[in-house]
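> For reference, the chains in residue letters:
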Amino acid sequence: QKEVEQDPGPLSVPEGAIVSLNCTYSNSAFQYFMWYRQYSRKGPELLMYTYSSGNKEDGRFTAQVDKSSKYISLFIRDSQPSDSATYLCAMLFGNEKLTFGTGTRLTIIP
Amino acid sequence: DAEITQSPRHKITETGRQVTLACHQTWNHNNMFWYRQDLGHGLRLIHYSYGVHDTNKGEVSDGYSVSRSNTEDLPLTLESAASSQTSVYFCASGTSGVQETQYFGPGTRLLVL
Chain Y
-16 QKEVEQDPGP LSVPEGAIVS LNCTYSNSAF QYFMWYRQYS RKGPELLMYT YSSGNKEDGR
44 FTAQVDKSSK YISLFIRDSQ PSDSATYLCA MLFGNEKLTF GTGTRLTIIP
Chain C
37 DAEITQSPRH KITETGRQVT LACHQTWNHN NMFWYRQDLG HGLRLIHYSY GVHDTNKGEV
97 SDGYSVSRSN TEDLPLTLES AASSQTSVYF CASGTSGVQE TQYFGPGTRL LVL
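Quick mapping for you: the protein sequence lines, in order, are chains Y and C.
According to the numbering used here, the first sequence is numbered sequentially starting from -16.
According to the numbering used here, the second sequence is numbered sequentially starting from 37.
Among these hints, one or two may not hold up.
Claimed, not checked - List of simulated lysine-lysine pairs, DSBU-like, C-alpha gap at most 35 Å:
1) C:K93 to Y:K(-15)
2) Y:K53 to Y:K39
3) C:K93 to Y:K39
4) Y:K53 to C:K47
5) C:K47 to Y:K39
6) C:K47 to Y:K80
7) Y:K80 to Y:K(-15)
8) Y:K25 to Y:K(-15)
9) C:K47 to Y:K50
As the list claims (entries may be wrong) - Far from chain Y, some chain C residues (derived; all Cβ distances over 10 Å):
10) A38
11) S43
12) E50
13) V55
14) T56
15) A58
16) H77
17) L79
18) G87
19) D90
20) T91
21) D98
22) G99
23) S105
24) P111
25) T137
To be verified - Some chain C residues judged to face chain Y by a derived CB distance under 8 Å, without partners named:
26) P44
27) T49
28) G52
29) Y84
Keep in mind the hints are simulated off the structure, nothing from the lab.
From a predicted model like this one, the values you see are computed outputs, not experimental measurements.
Yeah, the Cβ is synthetic: ideal placement off N, Cα and C, and Gly gets one too.
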């Protein structure tokens, strides 16, 4: 079993819809939870990160962490075609290295 | 503006050849990382460095080596390229003590024939 599980998709939604992307994990020691966005043939870029449980909002993006269920989510409101990308979750604890999910490929249909 | 660059962006080589991928960052970050990205596996850590002359093995280090002689550069060497090393390679850098924030380069696509 992988430490971090992420549905690879692909996921296609119409423009303006709310998108929900999710990851589950098995290591209860994880403390930091990140979401990276990766456009085609580009490097990943950090979108958001949260520490421990709770919600964090940044514009149209909301990151949610439920440590009791070992489940994290990224919500995108009013989705735009420019949001079409692969979204990778990542996690770490202490001074350890990032552990990435496999990524979910998202397409927003105009 | 500070940035992280990788070269070459594309590389085709033959089995058994030695290959070196370059990574250069102008963020003045102490931490640098090499990952490979493959379908179904996501990003996997190959090697990493927390400073000059410091190098450490990651999850998939066999067949790869790195050296850190200055802050800006962390070249990745494939000692004897194998077809299983066909992949997209990403370099990243970050600040010490802020592991959650890493800045990635644009990637190098390597094909080993």
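> May I ask you to check that L79 (chain C) keeps its beta-carbon over 10 Å from the closest beta-carbon of chain Y?
4 Å, violated
> Below or equal to 35 Å on CA atoms is what counts here, so check K93 (chain C) against K(-15) (chain Y).
20 Å, holds
> Could you check that no beta carbon of chain Y comes within 10 Å of the beta carbon of E50 (chain C)?
24 Å, holds
> Do the alpha carbons of K53 (chain Y) and K39 (chain Y) lie within 35 Å of each other, as the hint requires?
17 Å, holds
> Is it correct that the beta-carbon of G87 (chain C) has no partner in chain Y closer than or equal to 10 Å?
About 14 Å separates G87 (chain C) from the closest Cβ of chain Y, which puts it past 10 Å; holds.
> Compare the distance between the alpha carbons of K53 (chain Y) and K47 (chain C) with 35 Å, and conclude whether the hinted pair is satisfied.
40 Å, violated
> Hinted pair, alpha-carbon criterion (35 Å max): K80 (chain Y), K(-15) (chain Y). Please report holds or violated.
15 Å, holds
> Hey, does S43 (chain C) actually stay past 10 Å from chain Y on C-beta?
14 Å, holds
> V55 (chain C): least C-beta distance to chain Y exceeds 10 Å?
Non-interface label on V55 (chain C) holds, nearest chain Y Cβ at 20 Å vs cutoff 10 Å.
> Over 10 Å from every CB of chain Y: does S105 (chain C) meet that, or does the non-interface label fail?
22 Å, holds
> Checking the smallest CB distance to chain Y, is A58 (chain C) really beyond 10 Å?
A58 (chain C) is indeed farther than 10 Å from all Cβ atoms of chain Y, at 15 Å.
> Given the hinted pair K47 (chain C) and K39 (chain Y), is their alpha-carbon gap at most 35 Å?
Between K47 (chain C) and K39 (chain Y) the Cα gap is close to 40 Å, so the pair fails against 35 Å, i.e. violated.
In summary, the structure is inconsistent with hints 4, 5, 9, 16, 17, 25, 26, 27, 28 from the numbered list given earlier, while agreeing with the others.
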